[in-house]
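Residue numbers (the numbering used here), protein chains in the order written: chain R, 1 to 132; chain U, 133 to 219.
By construction, these hints were calculated from the structure, which means they are not laboratory data.
Each hint should be verified, as a subset may be incorrect.
[What the hints assert, rightly or not] The calculated DSS-like cross-link candidates involving lysine-lysine, where the alpha carbons are at most 25 Å apart (straight line), are: (1) R:Lys-128 - U:Lys-138; (2) U:Lys-188 - U:Lys-139; (3) U:Lys-150 - U:Lys-188; (4) U:Lys-150 - U:Lys-193; (5) U:Lys-139 - U:Lys-202; (6) U:Lys-138 - U:Lys-193; (7) U:Lys-188 - R:Lys-128; (8) U:Lys-139 - R:Lys-128; (9) U:Lys-139 - U:Lys-150; (10) U:Lys-202 - U:Lys-188; (11) U:Lys-139 - U:Lys-193; (12) R:Lys-128 - U:Lys-202.
[Said to hold, decoys possible] Restraint-style ranges between C-beta atoms, simulated for each label pair: (13) R:Phe-73 - U:Asp-160: 45 to 51 Å; (14) R:Ala-119 - U:Gln-216: 49 to 55 Å; (15) R:Ile-77 - U:Glu-152: 44 to 50 Å.
Yeah, the Cβ is synthetic: ideal placement off N, Cα and C, and Gly gets one too.
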Amino acid sequence: MSFQPLPHAFPFRFADAVLERTGPAVGRVRASLTSNTEALRGAGFPAAILAELVAQSALLLQGGDAALGKKGFLAGISDFVVARLPAAGDVLTIDVAIAGRLGDTVKFDGVVTDAEGGAVARGSVTVKHGRA
Amino acid sequence: MSDDLKKRVKELIVRQLKLEVDPATIADDAPLFGDADGGLGLDSIDALELVLGVEKEFGIKVQDEEVGVKAFASVNALCEFVRQKAA
């Protein structure tokens, strides 16, 4: 699958592979965090980036095809709980499901777990399609 | 229009959007969106939250953005929308 649907480039692209796509913007995405990931330098991986990771995962699942890909941006975060901050070497799994939609505004529920299935974060993000 | 429905709708707005206002202070005909005087100043993100709240509270789906814009114009408009859909 092409990554063209995501407008982000390294080092601000965190989602790196679609593992399973069970419907439009519903499925599972993987994010491998390396020490080269910009966000891991210095103070570590900020909690807010986990919400961005859920949004990128949702848009990646929703785009699916470079020609049809949709662009969007993180517009809101709600009820987002971080169990632990990820570290270099973590391979995260992000499960995403659509919670609701109105026009170009879409809310997604996301659950982030580590390779052992341990909780990393869960919560909702709202994405606006188009460019900020 | 039933005062009970208006009270329920105002409480829904405050609860769903986590507003720090007394539901009773929301005027029935005040615009919910935009920066008009007396309005709540809600935006499109709030509109989606209201869509989800209306679905959860009343079991009514708002799937069309145009319908949503009209339905969420004010407390009175939202009550009328709920009343019509529930009829």
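Here's how the hints hold up against the structure:
With a CA separation close to 30 Å, the supplied pair Lys-128 (chain R) and Lys-138 (chain U) exceeds the 25 Å bound. At roughly 16 Å between alpha-carbon atoms, Lys-188 (chain U) and Lys-139 (chain U) fall within 25 Å of each other, so this suggested pair holds. With a C-alpha separation of about 16 Å, the suggested pairing of Lys-150 (chain U) with Lys-188 (chain U) holds against the 25 Å cut-off. Of the supplied pair hints, the one linking Lys-150 (chain U) and Lys-193 (chain U) holds, its CA atoms being roughly 21 Å apart against a limit of 25 Å.
At roughly 20 Å between alpha-carbon atoms, Lys-139 (chain U) and Lys-202 (chain U) fall within 25 Å of each other, so this suggested pair holds. Annotation: proposed proximity of Lys-138 (chain U) to Lys-193 (chain U) holds, straight-line Cα distance about 19 Å (limit 25 Å). Taking the CA atoms of Lys-188 (chain U) and Lys-128 (chain R), the gap is about 22 Å. The hint holds against a cut of 25 Å. As the CA atoms of Lys-139 (chain U) and Lys-128 (chain R) are separated by approximately 31 Å, the hinted pair breaks the 25 Å bound.
About 16 Å separates the Cα atoms of Lys-139 (chain U) and Lys-150 (chain U), which keeps this hinted pair within 25 Å; it holds. Restraint check for Lys-202 (chain U) and Lys-188 (chain U): the C-alpha separation of about 19 Å stays at or below 25 Å, so the hint holds. Of the supplied pair hints, the one linking Lys-139 (chain U) and Lys-193 (chain U) holds, its CA atoms being roughly 20 Å apart against a limit of 25 Å. In summary, the hint linking Lys-128 (chain R) to Lys-202 (chain U) is supported, as the alpha carbons are separated by about 20 Å, within the 25 Å threshold.
The hint said 45 to 51 Å for the Cβ distance between Phe-73 (chain R) and Asp-160 (chain U), and at roughly 35 Å that hint is violated. Distance hint check: the CB atoms of Ala-119 (chain R) and Gln-216 (chain U) are about 43 Å apart, inconsistent with the given range 49 to 55 Å. Against the hinted window of 44 to 50 Å, the Cβ-Cβ separation of Ile-77 (chain R) and Glu-152 (chain U) comes to about 18 Å, which falls outside the hint.
Violation of the numbered hints given earlier is confined to hints 1, 8, 13, 14 and 15; the remaining hints are satisfied by the structure.
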